[in-house]
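> Take a look at the letters that make up each chain.
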Amino acid sequence: MSVNPKKRVAVVGAGVAGIAAAVALKRAGVDADVYEKESGPGGHLTRWHALFPGRENAATVLQGFLNEVKENRLDIRTGTLVTDIRKENGLFRVTTGSGECSEYGAVLLANGFRLFDAARKEEYGYGIYPRVITSPDLEKRMEDPATGLLIHNQAPKKVAFVHCVGSRDAKVGNRYCSKVCCISGVKQAIAVREQYPSCEVMNFYMDLRMFGSGFEELYQEAQEKYGINFIRGRVSEAAPTLDGSIQVKAEDTLLGCPLKVTVDWLILLVGMEPGIPGSLHDSLGLERDDAGFAGCRNKFLLPGYSSVDGLFLAGACAGPATIPDSVNQGRAAALSAIHYLNGKV
Amino acid sequence: MNGKNDKWGFHTEKSNLITLDSNDRSLVNILAEQVPSLNSCFFCGSCGATCTASDDGMNFRLVHLLLRRGELQTVNKIIRSCLLCGKCTLVCPRNVDTRAVIYNLKILIHELH
Amino acid sequence: MNFTEHPAFVFPFVVGMLFIFIYLPVIYVTWLRKNSLADFKTILRSIFTTNTLKAVREIFSECLLHRRIFRYNIRLGYMHMSLAFGWFLLIVVGKIETMVFTHDGFNPPYLPVFFKYFYPSGIPDTFKGRFFLMIMDLLLILVLSGLFLAFLKRFRSRVLGMKRTTKHIFPDRIALTFLWFIFPLRWFAESVTAGIAGSGGFFTLGSGRALASFLPLEDLLLPSWWAYSIVLGGFFFALPFSRYMHIFTEVVLIFLKYWNLATPERQNAYADFEINACSRCGICTNVCQLSADAGITHSQAVYFLRDLRYGTPERPVLENCFLCGRCSQACPVEIGIDQLRIAGRKRMMNAIAPAAEMRPVVSANGEKVDVLYFAGCMSHLTPGIIDATREILTRAGIRFSVLDDREEVCCGRPARQAGFADQARSIIARTTALINRSGASLLLVTCPICYKVFNEEYDLPIPVEHHTVFLNRLMTERPSLFRKSSLRMSYHDPCDLGRGSGIYEQPRSIIRRTGVLVSAAHEREDALCCGGSLANLAITPRQRTLVTDSAYQMLTAGNPDYVVTSCPLCKKTFAAGKREIPVADIAEIARMMLQPEEILHPEKAGEAELESEGQEICQ
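Protein chains in written order, with our numbering: chain U, 1 to 345; chain G, 1001 to 1113; chain H, 2001 to 2619.
Bound conformation, chain U alone (with noise of 0.2 Å):
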C-alpha cells in the first residue's frame, strides 16, 4: 500500500456504524481499512430477526449495508481483532491479533456493544431453567417457525417479558438506559403473538420509553390489535414448577399487590454494556463515561469526538444507540475524521 499512512483511516468494527462510516470515507475519497473480529460484516444485526419499528426483515436491512460494501469496495478485515491502539508523533499504530502492525492518520471506533450477560441476574434463573430465555435467544428461535416457542409441538400458552435486564440496575452496576429495549420487547411482544395468536403475552416494564419515530404508535398497537398485557412493575424473581414453566412474582405497582403468574417462557430483554476492552482505553488513553462507555469530549459541540485527538466514535461503543442513530453517527464521524486528515479540526 503506497498510500500515505497520514491520510489513512482505520475503522474498527464492521457493524452498521462501521460500514456507513467506511462508506462516506471512500465516497469522499478517503482510504479506510475496516477491522472486524468475525467473520463477516454487520455486527449485532446479523443476529436479529426483524427491527423495531415497522418489524422490518433484518435479513434484508442486512443485505442493503453488505450491498454497500460490495458496491464500494469496501476492505473488511474478518476475523481480525484488534488488540492495541497507539498513538505515537500523531500517528495511530494499529495491531491485531495476529501481530499485525499499521499506520494511520485516523481512527474510527465502532467497535459497538456487549450484550449484558443475564446469567449475572441470577434471580431470573437464565441459563439454570431452559424456558429464561434473552431478546436475542428470542430472535434467533422466531427465524425458524419449527422451533419458536413450540413447547413438545404446542403453542405456549403464556409468554411474559421482563423489561430492563441488566440496565437502570445499580445492582449490577449499570444506572444507564440501554434505550433499545422497551421497543424491542413491544416489538418481541407482537411477534409472539403474530406467531401464537392464542397466546397470552404480558409486559413487565418499570417505564416504557416510546421516544422513537414510530415508537408510541408501535406501543398503541401492541394494546389495541394485539392485546398485549402491559404490567407496571419490576419482576424481582423467577422460579420453576413441576412442568418446567416458569412462575414470575412481581408487584403489580398501579394495584399495590403482590402478583404472582406462571408462565410457558420468560424473554429477558438483555440491555447493552460498554464493548470497549478496558486495554484498549489505557493504551490510548480514551476516557469512559459513568457508563463505561467511551466519553466525547463535548456532547453539544463534539458528539462523536474522543478523549483523543484523532479518534472518533460511532454507533453503541459511546452508549447505547438504535441502528439509524449508528449510522447517522458513522457518517458524521466520517466527516470529522475528513475533516481532521485535513487538518480543519
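None of the hints are false.
Capping the alpha-carbon separation at 30 Å, the derived lysine-lysine pairs in DSBU-like fashion look like this: (1) G:K1077 - U:K260; (2) U:K140 - H:K2578; (3) H:K2578 - U:K37; (4) U:K225 - U:K158; (5) U:K260 - H:K2368.
By construction, these hints were calculated from the structure, which means they are not laboratory data.
Keeping the supplied structure of chain U fixed, place chains G and H upon it in accordance with the hints.
Leaving out everything else, chains G and H in the frame of chain U:
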C-alpha cells in the same frame, strides 16, 4: 347491601381524595435524612414483588408513596408485618436501603406517637 | 526509721486502697443481685468442680501473662504482660520480702509498697537481702519497660501492631495519667532513698547516685514518697470509673465464665462483668472491617461497651455493626460482644415492635419425605443454589420436599438481630409449626443465617444440618457419586457458619474432594465479612460496597477459578457488580462435580437401589 353482598364496595366511608395541600408530608423528609438512599426510589415495585411478607400486606413501595403523599392512616398497620428479612434491599435497582427505611420508620412512628 | 511510726505520706495510698476494697465488693454484689435463683444454682453446681481450677489457670495466663494478646502481637503482648505481671510480682515479691524481714504475715499493707523508705538497704547484709533488692529492681525495670511501650503506643501505635488507638474519655485520661506516673515516681522515690542511704538495689542505687550528683536528695526524700503515694491513691480512686476497672473485674468474669453463668440473652450479672472487664485495648477496632474499609470509626465494640458501661449507647453506635463476630473472636477477654449488642438493640426495640402479623399456617403437602429442604428467603434470589441442591438430592435418590417452595417462610433471625424479639418469637412459632407438619427426619438448610437461628432458638424434634455438612457426609458415604477436578477454589467463610456455628472444615473438605483449595489471607476464625450482613442497620450502600470489594480482592488474590462460599447472602453480595472471577456456592460446585449418570450407571441401575441407598444417608 352490607357484608358479603357488598362485593363491589358501594359503601365507601372515606374520601378517596389525596389533599396534598393539607396532608402532613414531613415524615418522608426525616426518613430521607436518616437513610438518604430513600430519595433514589423510582417505585418499580421490586421490593413488593420479592417481599417475604407481601401476602401479609407488606409493601415497601406503597408505604413509601403513602408517606410521600401524607396518607399516613394505614402505614403503621402495613409495616407491622415486615419481617426485616432484607430481601427487598437485595433486589432494589436503585440501591435504596429499604430495610433501614422500615427499621427507622418503626422507631420514628414510635417516637412521634 | 521504723514503720510503726506510720509516716503521713502513706495516707493517700491507704485511703485509696481502702476505697477500692470497699467499693469493688459492693459493686460486684450489686451486679450479682441481678442473677436469678437458677443462676446461683448454676454457679453452685460448677464451683466445686475442676472448672474452678481451669478458671485460675486462665486468670494466670490471661489477666497476668496476656497470652491472647501475645498471639495477636508480640510487642503488644509484652506491653500488657510487663505492666500486669510485673506489677503483680512487685506486690507479691514485695510482700514476701516484708514477711521475710518482719517475720510477720500481718504487717501493714503499705509496708511492701513503701518498704524502701523504711529500709533503704533492704534486709541488711544477707544473701536474702541482696536477692530481694535485685529481684525488686528487675521487676521495676520490667514494669517501666512496659510503660515505655504504652507511651510509644499512644504516638506510634503501628509499632505495637495497632492501626489506631482507642479514643479515651475523661476518667480514662485521669486514671491513665496517674498510672503513667506511678512507676516513674516509685523509681524516683526509691532512687532518692537509695542515693541518701548509699545502699540499695543495683538499679535504684545506681540512679540514686546519679541523681545525688545534681539534686538535693535530702530535700526530695519526703516529697517523692508523697508524690508516689498520691498517684497510687489517686489511681485507686479513679480506677472504678475508668477502663482500669477491668483489672479486678476480669478476674471475677473468668470465674463466672467457668461457672457457666454466660447466657445468650445476657440478662444476668454476667453482662455487667463483661462490660466492665473491657480494658479498651482496642484490638476490636483493629480487626473491624468497618474501620479498615469503610471509614466508620465510632461504633466498634470498644465504644459500644464503653457507652453501655456509662449509660445507653446511642443508635449510631448500636446499629452500625455487621455482627460478623470478628471482634468477639479477637477479644482477649472473650467478651460476647454480639450478644450484648443484640441485647442492647432488644432493649431499645421492646417498646416499639409488636409481634408480627402473619397468616395462620396453611396445610403443608402431605407427602412423606426424609429430608425437608429449607432454602431460605435469600436463596430465592440465588436460585442456582436451590437448583443444584435439588439435583444433588435427586441424583442421590433422597426423598425430599422444599419447605419454602411456593410459600415465603422466614426463619426469624433478621428481626431478632434488629432487636425485635417478640416479632422474632412469633415468626419462629409459625415456622416451627410448618416444619413439624412435614414429618421429615432431617431439616436441610442452605442459609447460615437460618441455620444459626434454627440451632439456637428453635426447639425442633429433628436434627438440622447445613448443606456443607450434608454434602460432605454424602461425599464420604457415597464417594462414587462425585468426581475430582483441577479447579482451583478459594473459600469464603460466611460469618454465621464459621465464627457463628463453628463449621470450617466440611466446606473445605468438599473443595478438596472436588478440586484444589487455594488459601486466602483471612480464613476460618479470621475470615472477613462479605459486607452483606443484615445486622448492620446504619451503614450506607456505598460503605457496604467498600467492605465487599476489599473482601473479594483478598479472596481472589491467589487467582482461583472460583470463589466458593456457602451462603446465599454472601454469594449475592459478592456477585453484585462486575466480577472477573465468578462466585459460586458450594452446592453448585458439588453439582458440577456430580459423576455423569452414564459413567455411574452405565447399565442404568434401578431406581429402587438408588432409593434404599438414599435412605441410609438420611438416618
